[in-house]
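Novice: Input sequences plus hints: build the corresponding full structure.
Just so you know, the numbering used here puts 463 at position 453 of the sequence shown, and the rest follows in order with no gaps.
Derived by calculation from the structure, the hints in this document are not laboratory data. Hints may be right or wrong, so weigh each one.
[To be verified] PhoX-like mimics (lysine-lysine), calculated; alpha carbons at most 20 Å apart, straight line:
| no. | residue 1 | residue 2 |
| --- | --- | --- |
| 1 | LYS47 | LYS160 |
| 2 | LYS57 | LYS188 |
| 3 | LYS81 | LYS57 |
| 4 | LYS270 | LYS292 |
Keep in mind the model is a prediction, meaning the values are calculated, not measured.
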Amino acid sequence: MFLIALWLFFFSSDDFVRNDILNKKNDLQLKASFMSKIARPTFKNSKATDFQLMLDMYDLFDDPQLLPIHKIKIYRYEDKTEIGRDFVYYNGTRPIKRLPIAVTPLDAIGSQGQKNKWYTWDIMGALFSYYRKLSDTRVVTAPIVPKRSKFNPQYHVIKSGENTYDIRVLAPIKVDRKTVALVEVWEDYDLKNAYFSRNSLRVQFLIGISLITLVFGLALAFSIAFPLRRLSKRLNRKLTPSDMAEQMTNMSVAKLASRKDEIGLLHNNLIKLTKQIIRLFKDKEQFAADVSHELKNPIASIIAHVENNLENENINKNSALLKIKNQALRMNKLVSDISEAAIVDHEIVAKKREKFDISNIVNDIATHYIDEIKNSKVEINLSLQKNINFNGLPDRIAQILINLIENAISFSHPRGTINISLSKRWRKQLILIVEDSGPGIPNNMKELIFERFFTSRSGHSVVKNSSGLGLFMCREIVEAHGGKIHVETSKLGGAKFVVSL
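Specialist: Written out as structure tokens, the structure is:
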């Protein structure tokens with residue numbers, strides 16, 4: 011499209027011929043006016059005959075140095091529609107003896123000068139056939155009406171041949187405000203010769219630009235368009251519901267993966283996004299399997315207690331019903347936590363982030379738990395930097411702190427210490443730390459504790475109906491905010507959870 015537009019612009023925007031003809035017309039008008047002024051004194055002799063005036067005109071204008079052009083005529087003015095039969099005082103077109111000059115036809119000149127550029131000449135010939143029609147509509151005028159030249163100079167541009175124009179000017183010679191004669195000056199304009207002389211170099215330049223554009227276009231097509239089309243086909247293929255995650259692993263295009271430019275970056279980002287989608291699919295599959303496994307245990311326990319109660323008449327029914335109740339409560343807690351996890355997943359994707367003071371949230375939550383355990387032997391110490399603003403989901407950030415504090419309290423019973431700190435350096439991540447003096451976490455479990463449904467409690471740290479989803483949700487919320495969470499061994503002897511946001 012660009013090349014077509016370029017050629018159309020070249021074809022339609024060239025006003026050289028029209029401007030050239032206009033310049034020649036102005037030049038002819040100047041010459042006609044010049045001759046009129048020179049001839050006027052001769053015509054003031056009212057006693058001179060036409061023949062005497064004719065001799066005077068030839069004596070006046072026949073010097074080639076004075077008047078180098080020959081397409082000039084001076085007529086006696088008669089109020090007629092045509093001037094072809096009027097008396098001619100001067101005819102500059104009469105033969106003049108000159109040295110013989112070899113005349114070479116225009117086509118021969120073109121063929122001799124363009125032997126090595128035949129392709130340019132052929133293209134220009136094709137362009138000229140259209141340009142000639144366009145030029146006719148732009149420059150051709152109505153023929154001269156001689157009677158109108160009595161008062162003012164007249165001119166016309168008319169076709170005199172297939173590729174030539176006749177540019178003609180008719181100017182009056184006035185004596186005492188009376189028109190006594192007319193000066194006619196004309197010139198033949200060869201449109202084809204002018205067009206070829208003007209545009210041969212331009213066409214060669216345009217052909218060069220077109221070839222360069224074509225080469226660059228092909229290079230861009232092979233380096234950008236075709237690889238992107240292959241990537242688009244990979245991404246646009248229809249996936250079957252049998253195993254979407256497995257089908258989406260083959261989206262990469264080898265030639266794009268190794269590129270270091272923006273196309274390679276786009277490809278790698280798309281593949282990274284695809285991998286995230288794959289991970290979501292696998293997480294959902296694993297989540298369904300884990301939920302099924304976790305729900306089977308309390309259900310199986312309930313069924314077993316009911317069957318034993320039906321078979322054994324001597325069993326303590328209250329004890330059996332209590333066990334069934336505990337398993338039902340565990341199931342209820344598990345379902346509630348699963349529902350909460352689903353809400354968290356939705357909010358971290360869809361809910362709009364907002365700017366809030368995280369220092370106030372941490373202080374309010376920590377103060378609440380200090381009041382709640384004030385009668386116990388667990389001590390909570392605060393070290394909070396004030397006025398720390400953060401852009402995120404305030405409710406979910408609060409949930410992180412609640413889960414970490416409740417874990418720390420459960421592991422610190424019946425006696426212990428919990429330290430909570432919040433800090434942020436200039437242009438650095440904010441750091442939230444919750445550490446306790448509990449039994450700590452073995453090194454081989456420091457990664458496992460963030461997995462879904464994982465729990466490893468004993469002794470005083472046992473929490474009734476724990477689902478093992480608390481730390482998993484903490485990790486999901488932190489990562490959704492672009493942060494990280496990990497656990498270390500605290501100087502207090504227990505676990506030290508470090509959240510970087």
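Novice: Each hint should be assessed against the structure and marked as holding or not.
Specialist: Hint check:
no. : hint            : result
1   : LYS47 - LYS160  : holds, 15 Å
2   : LYS57 - LYS188  : holds, 16 Å
3   : LYS81 - LYS57   : violated, 29 Å
4   : LYS270 - LYS292 : violated, 30 Å
The earlier numbered hints that this structure contradicts are 3 and 4.
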